[in-house]
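Take a look at the letters that make up each chain.
2 protein chains.
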Amino acid sequence: MESMKQRRTIRRYQEKDVTPELLNELMEIACRASTVGNMQTYSVVLTRDAAMKEKLSPAHFNQPMVKKAPVVLTFCVDLNRFSKWCEQRQAIPGYDNLQWFVTGAVDALLVAQTFCVAAEERGLGICYLGTTTYNPNQIIDALQLPKLVFPITTITLGWPDESPEQVDRLPLEAILHQETYHDYSADDIDRLYAYKESLPENLKFIEENKKETLAQVFTDVRYKKADNELFSEVLLETLKKQGFC
Amino acid sequence: MESMKQRRTIRRYQEKDVTPELLNELMEIACRASTVGNMQTYSVVLTRDAAMKEKLSPAHFNQPMVKKAPVVLTFCVDLNRFSKWCEQRQAIPGYDNLQWFVTGAVDALLVAQTFCVAAEERGLGICYLGTTTYNPNQIIDALQLPKLVFPITTITLGWPDESPEQVDRLPLEAILHQETYHDYSADDIDRLYAYKESLPENLKFIEENKKETLAQVFTDVRYKKADNELFSEVLLETLKKQGFC
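Sequences listed follow chains A and B, in order.
Here numbering that gives the first Met the number 0 is used: the first residue of the first sequence is 0, the next is one more, and so on.
Here numbering that gives the first Met the number 0 is used: the first residue of the second sequence is 0, the next is one more, and so on.
Careful, some of the hints might be misleading.
Note: identical chains are not told apart, hence a pair may lie in one copy or across any two.
Pairs of lysine-lysine, PhoX-like flavour, derived with a Cα cap of 25 Å [said to hold, decoys possible]: (1) LYS203 with LYS66; (2) LYS67 with LYS54; (3) LYS15 with LYS209; (4) LYS146 with LYS223; (5) LYS239 with LYS224; (6) LYS240 with LYS203; (7) LYS146 with LYS224; (8) LYS54 with LYS146; (9) LYS210 with LYS239; (10) LYS54 with LYS195; (11) LYS15 with LYS54.
Just so you know, the hints here were simulated from the structure itself, not pulled from any lab data.
Bear in mind the structure is a predicted one, so any value in this text is a computation, not a measurement.
In isolation and in its complexed conformation, chain A is listed as follows:
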């Protein structure tokens, strides 16, 4: 529990390797996570090879963790394996649709997070790469993913070579709704974001980006509407290409 309470994302790693034995042990634990109908509609692609990291790097906007971490893991929705099994057993699969993309994504993400909790418990550090769904087509090419397989998230993994401060979170009141969703009043928003907005690192963030508010750093610099819409188009096209809609 303590490693879960104290967790930090780790972006810098020691040269030290993560042994195949440890990696397999953690992956076995991860596969104990809940899975729809015990179908295990996911696959994980392990990257250790420097040339493969080089290939993946642009898909993740060349974030340095990809090339520097000893291990990169790409967690994929996988309805290919299950469908192949069906076809080989006189059964007609029907998993080439949006519902099973989402169901497979749930499966894959429960495995990913179970892996991460177990890895952190062992002292390893991880970083999630949200870029995975921005450039899925590049990842599909690099990892040779067939139809009905789709990369949903990526983590970099290694022994920590930094010990960053733990970052802030919104108060629990902002997240947890009792019985029904209680929509936020203007006062609620002010109260719930007050602590985040008061933090020196966030004030610095506004100044560095020459913005008036912290929210503007998100909307005008980090996650812009035009980019989001472009990435949505790519995502939809790639879902079609992989046979999910």
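Position chain B against the provided structure of chain A, taking the given hints into account.
Positioned in the frame of chain A, the structure of chain B alone reads:
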């Protein structure tokens, strides 16, 4: 680690309550999970009230856990709170699209699974309800979810009143690919599914359902193509209704 290795899904619970203090502690831990840009694009709706469980029950095809568990938690993608904050801070949000539905789903599922691992470590039992994305519109109505909020998974939670056997998993070789995705040959499929197909409970499953193969139980009884396609349509319509595409 031991509770992760030994985990089982629990569908029967004692009458004993889960205290608000314990629930909040576990939720605080869950919120330490990684989140895109520290935006926390999720909300959780807590159901304890019997009348609310009654309302949710049909959306989950009346699976008995919903009414019998002391606690039901619906994990939602939430871009409403963040967008409201942006609007109140002279920032124009652009999160009403498919990319942010998927990004929010990643966020919400990492929180859900962290919650479950922590809960199981404390001796609680959980069951995921995959029905959440089959009938999202009914859940949206019951929990009064506004635009840009979408239920992605549900768990039932309580103190275990059963101790089921641990179920099988595919060998790790089936899941983990080295460097690139290695597509499955006919021999691979036979080898990887052999253990699952040999299990007495699965042989019984074929007989009870009067099928020739285990795969046919999945395709003809449990997760049928026509149902999957209908649920995909509902999912897409509900994504549109909630403003994600």
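Hint numbers the structure violates, sorted upward?
-> 1, 3, 6, 9 and 10
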